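J.: Please take these sequences and the hints and turn them into a complete structure.
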Amino acid sequence: MAAPTVPEVASGRAERVVVPAPPYRRRSPNWRRALRRQLLPFLLVLPALVLVGGVLGYPIGQLVATSFQQLGLFQLIGHHVLWNGLTNYRQLFSDSQFYSSLEQTAVFVLATVGLTMAIGTGVALLMGRVGKVLRTVISLTMLLVWAMPSSAASIVWTWLFQAQWGVVNYVLVALGLHSFGSHDWFASQISAYSIVTAMIVWQAIPFIALSTYAALTLVPNELHEAAAVDGATPGVIFRQVTFPIIRPVFFLLTVLSIIWDGNVFNQVWYLTGGRAQVLNVMPLGVWQYIEAFATQQYGMGAAIAIVTVLILLVVTGYYIRTMVRTGEVSA
Amino acid sequence: MSTTMAGSRSNRRRRSTWLWRVVAVAFCIVMVFPVYWMINSSFEPNSQITSLTPSFFPAHFTFHNFVDAVDRPWFWDDARNSLVIVVTAVLVVLVVAFLAAAAVARFRLWGAKAFLVLILVVQMVPTAALVIPLFLILNRAKLTDTYAGLVLTYVTLTLPFTIWMLRGFVKAVPIDLEEAAMVDGASRMGAFRRILFPLVLPGVISTGVFSFITAWNDFLYVNVIMTQNYHQTLPVWLFSFSTNTGTDYGGLMAGCVLFSLPVVVFFLFVQRRIVTGLTAGAVKG
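Chains A and B, in that order, give the protein sequences. Straight run, no breaks: the first sequence in my numbering ends on number 843. Straight run, no breaks: the second sequence in my numbering ends on number 287.
These are computed hints drawn from the structure, not numbers from a lab. Be a bit skeptical, because a hint or two may be false.
Partial list, computed: chain A residues near chain B (C-beta under 10 Å) [stated by the list, open to error]:
(1) Leu552
(2) Pro571
(3) Leu687
Here the structure is a predicted model, which is why all the values come from computation and not from measurement. Note that CB positions come from ideal geometry on N, CA and C, so glycine has one too.
T.: Structure (structure tokens):
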């Protein structure tokens with residue numbers, strides 16, 4: 513619609529003389545133009561709204577509704593709707609597995625998010641310290657790890673820690689730790705959790721490190737030098753000069769990590785090879801899946817999902833509020 | 003006196019520089035090892051893989067695993083499905099998200115803040131919990147077991163995060179340029195298309211990589227939505243290497259290499275843009 517008038521602008525030529533407004537514009541009454549101006553942004557968000565509202569909103573609404581229903585295979589096939597009020601929630605809160613899963617999730621999220629943020633920020637700082645060659649090597653390593661699809665990564669990690677032929681056991685035995693010959697890493701809860709944690713941290717470091725490094729490059733060097741001249745120690749410089757500048761990124765990355773790790777499912781499922789329940793490696797995401805699919809109690813599974821979302825909301829609420837207040841979410 | 007002090011300080015600095023270099027190299031070796039091990043195993047015959055002394059480089063180099071992997075049933079079908087579905091989904095999601103991001107970042111839109119927070123909250127819903135309800139509505143729309151159904155699924159699942167990221171990129175571009183174009187007679191949409199879009203292109207590409215990986219990885223949804231064997235995607239194929247009789251690790255590692263390859267190529271291709279893109283996207287939040 514604007515095609516005839518734009519070439520001058522697009523080509524950047526200097527003929528920015530008066531471009532006559534197209535005639536149809538002049539003719540259209542003011543109110544119509546105002547309406548169109550009001551309508552345009554709405555039309556632009558409309559496809560996204562329809563998709564999020566229709567394709568995602570409906571299932572989420574359905575999920576909420578299901579959490580108040582008794583929905584097993586029988587009801588699913590027969591299209592019976594059997595409302596049972598708060599029964600699922602009551603059952604959930606009286607189930608000792610809930611408290612176990614909650615505790616596991618909390619410890620797991622604390623460990624993974626803590627480790628990824630600490631190591632990721634450390635690597636970002638390291639990238640600023642080393643020379644150009646090593647920095648490129650680190651970036652390439654990060655990209656390689658990051659680009660590895662998580663299903664392939666899970667498979668490779670099971671292979672690394674395989675009991676008989678896995679390279680980790682081989683190296684440990686070679687180092688003199690003979691008890692690790694044929695050691696089964698997925699035989700106990702703690703051990704399985706450690707490996708899941710290690711893998712998730714390994715996968716998440718690149719995103720955190722590269723984003724933080726990108727943010728760090730925005731800190732003007734003069735600030736560091738000035739602080740150093742004033743006799744500030746590296747720790748003080750980091751806390752008082754560097755960190756305040758990367759704080760928005762740090763917040764956003766922390767929130768995203770908490771959300772992702774709080775919902776962990778895939779990696780646990782692949783790595784434990786379906787033994788999650790036996791080992792009691794059941795963070796909320798895994799427990800939810802087992803309740804819904806293995807025992808076909810979809811209502812209960814839905815209730816667990818809803819409670820998980822509420823918990824995540826409470827945990828990240830502070831960060832999100834801060835982000836909104838500091839203008840991070842200002843539209 | 004003062005010279006010795008200066009000397010010892012520069013010595014200390016040099017020593018710490020070396021320390022950081024050693025740390026960096028050690029870190030890279032640890033990080034890259036799983037990737038290296040996958041590649042190494044994929045070029046070794048199974049007899050070597052399942053021996054008690056693994057070799058740290060492919061001593062008995064062979065392409066056998068790759069030939070076997072490609073010959074497995076459904077590889078070519080699944081590869082084609084994966085590519086068509088994921089690429090379509092990424093293109094659609096980028097267009098939809100760019101329009102929404104431009105609207106949210108450039109207009110005083112009623113409820114924009116609420117919309118953005120809502121999108122973040124949507125991210126918190128465990129994806130595994132949405133499989134059944136999503137299947138049910140796709141089924142009602144007669145979209146199960148079709149490309150369109152899976153494309154729609156991936157578009158919707160990646161949309162929230164994509165809008166969030168693109169909004170950051172759009173906000174990082176000064177609005178003056180578009181205003182100048184509009185003074186010169188361009189319409190709002192013309193300014194978006196000819197001024198804003200080229201400027202946020204790096205951001206669009208790096209955001210596209212995210213959606214690509216998410217969709218490329220999916221196993222849960224494709225498994226439920228597609229019922230025919232020839233409609234599955236590569237992750238499903240990848241899990242066919244483990245059977246009740248054991249796992250063909252050589253073939254599996256070759257499969258993992260083939261599966262990761264498109265993503266790695268895509269990544270290396272746009273790597274500079276990803277990093278510069280992240281700055282704008284994350285920092286200008």
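J.: Now tell me if each hint is right for this structure.
T.: Going down the list of hints, with the structure as the test:
no.	hint	verdict
1	Leu552	holds (6 Å)
2	Pro571	holds (4 Å)
3	Leu687	violated (14 Å)
Comparing the model with each numbered hint stated earlier shows that hint 3 is the single one that does not hold.
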